[in-house]
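Construct all of the structure, not just a fragment, from the sequences and the given hints.
If you want the building blocks of each chain, they are given just below.
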Amino acid sequence: MRSVGKNVSRREGPEKLTGRAVYLDDLDIPGCWHGVTVRSSVPHGRIKAVKFDPAFPWSDYVVVTAADIPGRNVVTLIEPDQPLLAEGLVRHREEPIALIAHADRAKAYEALKHVTVEYEKLPSVLTIADALAVKEKIYKDDNVFKSFLIRKGDVDQALASADVVIEGEYRVPHQEQAYIENNAVAAWEEDGVLVVRGSLQCPFYVVKALKVLLGRDESKVRVSQTVTGGGFGGKEEYPSMIAGHAALLALKARRPVKIVYDRHEDMAATTKRHPAVVRHRTGLTRDGRLVAQDVDVVMDGGAYATLSAVVLSRGTLHAAGAYECPNVRVRSRVVATHTPPNGAFRGFGAPQTLFAAELHWEKIADVLGIDSLALKRKNLFKIGSITATGQVLRESVGAKSCLDVVVRRSKYAQRRKEYDRWNADPKKPSWKGIGVSVCHHGAGFTGSGEVYLASRAGVALTRAGALVVLAASTEIGQGTNTMFAQVASDTLGVPLDWLEVETPDTHKVPDSGPTVASRTCMVVGGLVRRAALDLKAAFESEHGRVPRTRAELKKAAAALCGAKPARRFEVQYEKPSEVTWNDATYQGDAYGVYSYAAFAVELEIDRATAETKVLRVTTAQDIGKAIHPLFAEGQIIGGCLQGLGWALLEEPVYNDGVMVNSQLTNYVIPTSLDAPPFDVTVVEKPYSRGPFGAKGVGELPMDVPAPAVAAAVKHATGRLIATIPLTPERITAALAADAEAARV
Amino acid sequence: MGALTLTVNGRRRTYRGAAFTRLIDVLREDFRLTGTKEGCGEGECGACTVLLDGAPVNSCLIPVGQAAGRRVETVESLGSPEKLSKLQQGFLDCAGAQCGICTPGMLMSAHAHLKSGGKADDASVRTALSGNLCRCTGYQHIVDSVLAAARGKKKKASRK
Ligand code: FES
Ligand code: FES
Numbered sequence: 073m074r075s076v077g078k079n080v081s082r083r084e085g086p087e088k089l090t091g092r093a094v095y096l097d098d099l100d101i102p103g104c105w106h107g108v109t110v111r112s113s114v115p116h117g118r119i120k121a122v123k124f125d126p127a128f129p130w131s132d133y134v135v136v137t138a139a140d141i142p143g144r145n146v147v148t149l150i151e152p153d154q155p156l157l158a159e160g161l162v163r164h165r166e167e168p169i170a171l172i173a174h175a176d177r178a179k180a181y182e183a184l185k186h187v188t189v190e191y192e193k194l195p196s197v198l199t200i201a202d203a204l205a206v207k208e209k210i211y212k213d214d215n216v217f218k219s220f221l222i223r224k225g226d227v228d229q230a231l232a233s234a235d236v237v238i239e240g241e242y243r244v245p246h247q248e249q250a251y252i253e254n255n256a257v258a259a260w261e262e263d264g265v266l267v268v269r270g271s272l273q274c275p276f277y278v279v280k281a282l283k284v285l286l287g288r289d290e291s292k293v294r295v296s297q298t299v300t301g302g303g304f305g306g307k308e309e310y311p312s313m314i315a316g317h318a319a320l321l322a323l324k325a326r327r328p329v330k331i332v333y334d335r336h337e338d339m340a341a342t343t344k345r346h347p348a349v350v351r352h353r354t355g356l357t358r359d360g361r362l363v364a365q366d367v368d369v370v371m372d373g374g375a376y377a378t379l380s381a382v383v384l385s386r387g388t389l390h391a392a393g394a395y396e397c398p399n400v401r402v403r404s405r406v407v408a409t410h411t412p413p414n415g416a417f418r419g420f421g422a423p424q425t426l427f428a429a430e431l432h433w434e435k436i437a438d439v440l441g442i443d444s445l446a447l448k449r450k451n452l453f454k455i456g457s458i459t460a461t462g463q464v465l466r467e468s469v470g471a472k473s474c475l476d477v478v479v480r481r482s483k484y485a486q487r488r489k490e491y492d493r494w495n496a497d498p499k500k501p502s503w504k505g506i507g508v509s510v511c512h513h514g515a516g517f518t519g520s521g522e523v524y525l526a527s528r529a530g531v532a533l534t535r536a537g538a539l540v541v542l543a544a545s546t547e548i549g550q551g552t553n554t555m556f557a558q559v560a561s562d563t564l565g566v567p568l569d570w571l572e573v574e575t576p577d578t579h580k581v582p583d584s585g586p587t588v589a590s591r592t593c594m595v596v597g598g599l600v601r602r603a604a605l606d607l608k609a610a611f612e613s614e615h616g617r618v619p620r621t622r623a624e625l626k627k628a629a630a631a632l633c634g635a636k637p638a639r640r641f642e643v644q645y646e647k648p649s650e651v652t653w654n655d656a657t658y659q660g661d662a663y664g665v666y667s668y669a670a671f672a673v674e675l676e677i678d679r680a681t682a683e684t685k686v687l688r689v690t691t692a693q694d695i696g697k698a699i700h701p702l703f704a705e706g707q708i709i710g711g712c713l714q715g716l717g718w719a720l721l722e723e724p725v726y727n728d729g730v731m732v733n734s735q736l737t738n739y740v741i742p743t744s745l746d747a748p749p750f751d752v753t754v755v756e757k758p759y760s761r762g763p764f765g766a767k768g769v770g771e772l773p774m775d776v777p778a779p780a781v782a783a784a785v786k787h788a789t790g791r792l793i794a795t796i797p798l799t800p801e802r803i804t805a806a807l808a809a810d811a812e813a814a815r816v
Numbered sequence: 002m003g004a005l006t007l008t009v010n011g012r013r014r015t016y017r018g019a020a021f022t023r024l025i026d027v028l029r030e031d032f033r034l035t036g037t038k039e040g041c042g043e044g045e046c047g048a049c050t051v052l053l054d055g056a057p058v059n060s061c062l063i064p065v066g067q068a069a070g071r072r073v074e075t076v077e078s079l080g081s082p083e084k085l086s087k088l089q090q091g092f093l094d095c096a097g098a099q100c101g102i103c104t105p106g107m108l109m110s111a112h113a114h115l116k117s118g119g120k121a122d123d124a125s126v127r128t129a130l131s132g133n134l135c136r137c138t139g140y141q142h143i144v145d146s147v148l149a150a151a152r153g154k155k156k157k158a159s160r161k
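Going down the list, the protein sequences come from chains F and E.
Residue numbers for the first sequence, in this note's numbering: 73 to 816.
Residue numbers for the second sequence, in this note's numbering: 2 to 161.
No lab work stands behind these hints, which were simulated from the structure alone.
C-beta: ideal position from N, C-alpha, C; glycine also.
Just so you know, not all the hints are guaranteed correct.
What the hints assert, rightly or not - If you anchor each label on the Cβ, the simulated ranges turn out as follows:
no.: 1; chain 1: E; residue 1: 33; chain 2: F; residue 2: 213; range: 51 to 59 angstroms
no.: 2; chain 1: E; residue 1: 116; chain 2: F; residue 2: 609; range: 34 to 42 angstroms
no.: 3; chain 1: F; residue 1: 143; chain 2: E; residue 2: 131; range: 28 to 36 angstroms
no.: 4; chain 1: F; residue 1: 810; chain 2: E; residue 2: 152; range: 29 to 37 angstroms
no.: 5; chain 1: E; residue 1: 131; chain 2: F; residue 2: 194; range: 39 to 47 angstroms
no.: 6; chain 1: F; residue 1: 439; chain 2: E; residue 2: 116; range: 19 to 27 angstroms
no.: 7; chain 1: F; residue 1: 262; chain 2: E; residue 2: 33; range: 38 to 46 angstroms
no.: 8; chain 1: E; residue 1: 62; chain 2: F; residue 2: 262; range: 48 to 56 angstroms
no.: 9; chain 1: E; residue 1: 153; chain 2: F; residue 2: 439; range: 50 to 58 angstroms
no.: 10; chain 1: E; residue 1: 19; chain 2: F; residue 2: 208; range: 43 to 51 angstroms
no.: 11; chain 1: E; residue 1: 62; chain 2: F; residue 2: 439; range: 53 to 61 angstroms
Spelled out as structure tokens, the structure:
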């Protein structure tokens, strides 16, 4: 009967495989109009006029501007700084200014050509450097949305007395989530309730935003998720914006309106991964033991605060890597620029800082003349290690196990020698390299985040004998529906197919917090398990035992529910007593537990074209317990390929504050031919607080590829290139610079 | 605006409207066959893949006029949730679909590959699917799904 740990079929699989699954644009909404968005074409400017072509049949259309907003013109998230529709001032390209709807999709788009916005252009700040130099004030006096400082020991003194001090600077670019289903939301009013349906990760975020925008009670807003074609963080916060737009159009048009972005609009206007510059100054003993890490992080947040503070927090907390060091200082800032706001993307700040922390070991290895793998082994987290925030790692530390598996399965030592020989032969057409990385990733919200969220989830028993999991966590491909049913059925000790999983609909499910931060399985799955335990206890005390047949279940349900149509067993998050965190000093248990991953990549670079082919990936990831091993492997392979894309191919090109390659034609993501074979090992070091021992898996796979790729490129070419993506152009330029330097 | 006929999933259908309307719009909006998905509208992602006289095409690039008098097959022509085709079963067993948005296109490309006698090995399947982007799976489970379906077929054939 047990299903946890088994590869049961995806719940919604048959619908998805037959074209029956209903994504937003597939919904048949009678009388639905199509909404489109008028966007800014300057990075910074004063709106002088919005002109509607007088010859155009505007009476066939509905037009909305900021003046139509009944509540406050703000997209509520962390800070109230981002307007739903720009008023007076635009602060980035592609900023929404007005909305248009028409019954016909093509006619709605046609109207965009008949609106002109006149601006008084203002000076713009488009780079991190210009933002820090305060060339123009965007946010407060210093353009810094948020800064953090972590301090452990005495870094200055330790650096002064270290045998060696090694510095490095590392840069990572934006990254586009590139879910294959673009953003899409529909809204309409039904009996005084505003109904929103959409492709989204966090239905309760949308409720909170609409409440403020529309000035209505939460009970008058109902948000439910449609089948969602990928999110990766990209549908965490931006859907609140689109839902606001669709709601205003629907209320004014008095009919349903849907907004479905096309690929260009989705890429150019919506959030991306934060670009970052990370500097390391590291003190070590001559034999390679860490004595001090001084890390400086700067990220580009874009024009509004959105989630930048939280992204920076996670980046900061991972900036020292998975290594123990007695003296650590991490200073971090996220700055404002006149570019579209950056936001959530799988990994949420950690891939940026972990890239630097891991790749820096290659530099250290060169200086000390010790192999980077040996250096990593010497300093790696183990049980009892104390992190930069003073957290003692008490349990479930699989870093070394993962690294051992990867080194063994990839035949690291043998390959290194083999490739050294290959590279030494000038007649070979290519260079080959192998690189290894090892990273940690905190599961769940940072520090006290889970306490503030106070998430709830439950299991309901209906009078008719249905068992229903109630959670707001969204299925975005990762297998939430299946996994919750597994956890609940095993906890109850009933067959898997007795369990249903409710659609995340804010009028039906409790607020389980957002579907982000690798928290769905560990945190919300843990709540589902607790709720199921409560139901189990109720069965036992009120019916004598947990029912064994459907017929018995019906009988028990009638007894437990009495006259009520259903009984809900809901629980709220409770902080494990051993977890303590101080938000003011950034000291304590930053996360309840960490997941760990090691990753080896082998690649081949054409000597003539500098084109890179990834030959093979070997990875081992400690996720506590795989509730569904095949889905966990799917998360790992999928996340790792996104990481390989970021490392080698993907680069949003910005010009005048906007992404100019906002198409899949020239923003290249990996295809089936770019993807290497993956050798995946799931390592299970159970976490005592996770359901069945589970930790997080969603983001971890994104952390490891980029530093391993850069290390492998160094092995292949002899050149440490500290900026990704490692495109043929970048590799060629780096090698040409070396050749030039050798001549001088 | 004229009328044109095409055979969709074995049924003769008439479309009244402009011949340059994209095939994907006719399928999704006029015929309500929403299994075919749009991911980019410019021939890059393959989510809109359907078969035209048995060969995979991007329906976002094809004007419906070009399909007049021809055979169109969409994902709806494969199996039903109650009775999945072998290929669909392979995807269910090997976790070939995560978010599922690329899946209809993947299935149609894979179906065309296997039906036309394409080889059931890793490299051939990857080549056949190289016009279909998937951002979730990293492709490995999709390739496994197709290979499992192909092997299943062979097994059955040899048992006969
Ligand atoms: S929608 Fe046709 S190829 Fe992307
Ligand atoms: S399963 Fe999500 S894009 Fe392929």
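Hint-by-hint comparison with the structure:
no., hint, in the structure
1, 33(E) - 213(F): 51 to 59 angstroms, "57 angstroms, holds"
2, 116(E) - 609(F): 34 to 42 angstroms, "55 angstroms, violated"
3, 143(F) - 131(E): 28 to 36 angstroms, "49 angstroms, violated"
4, 810(F) - 152(E): 29 to 37 angstroms, "49 angstroms, violated"
5, 131(E) - 194(F): 39 to 47 angstroms, "46 angstroms, holds"
6, 439(F) - 116(E): 19 to 27 angstroms, "59 angstroms, violated"
7, 262(F) - 33(E): 38 to 46 angstroms, "23 angstroms, violated"
8, 62(E) - 262(F): 48 to 56 angstroms, "38 angstroms, violated"
9, 153(E) - 439(F): 50 to 58 angstroms, "56 angstroms, holds"
10, 19(E) - 208(F): 43 to 51 angstroms, "49 angstroms, holds"
11, 62(E) - 439(F): 53 to 61 angstroms, "54 angstroms, holds"
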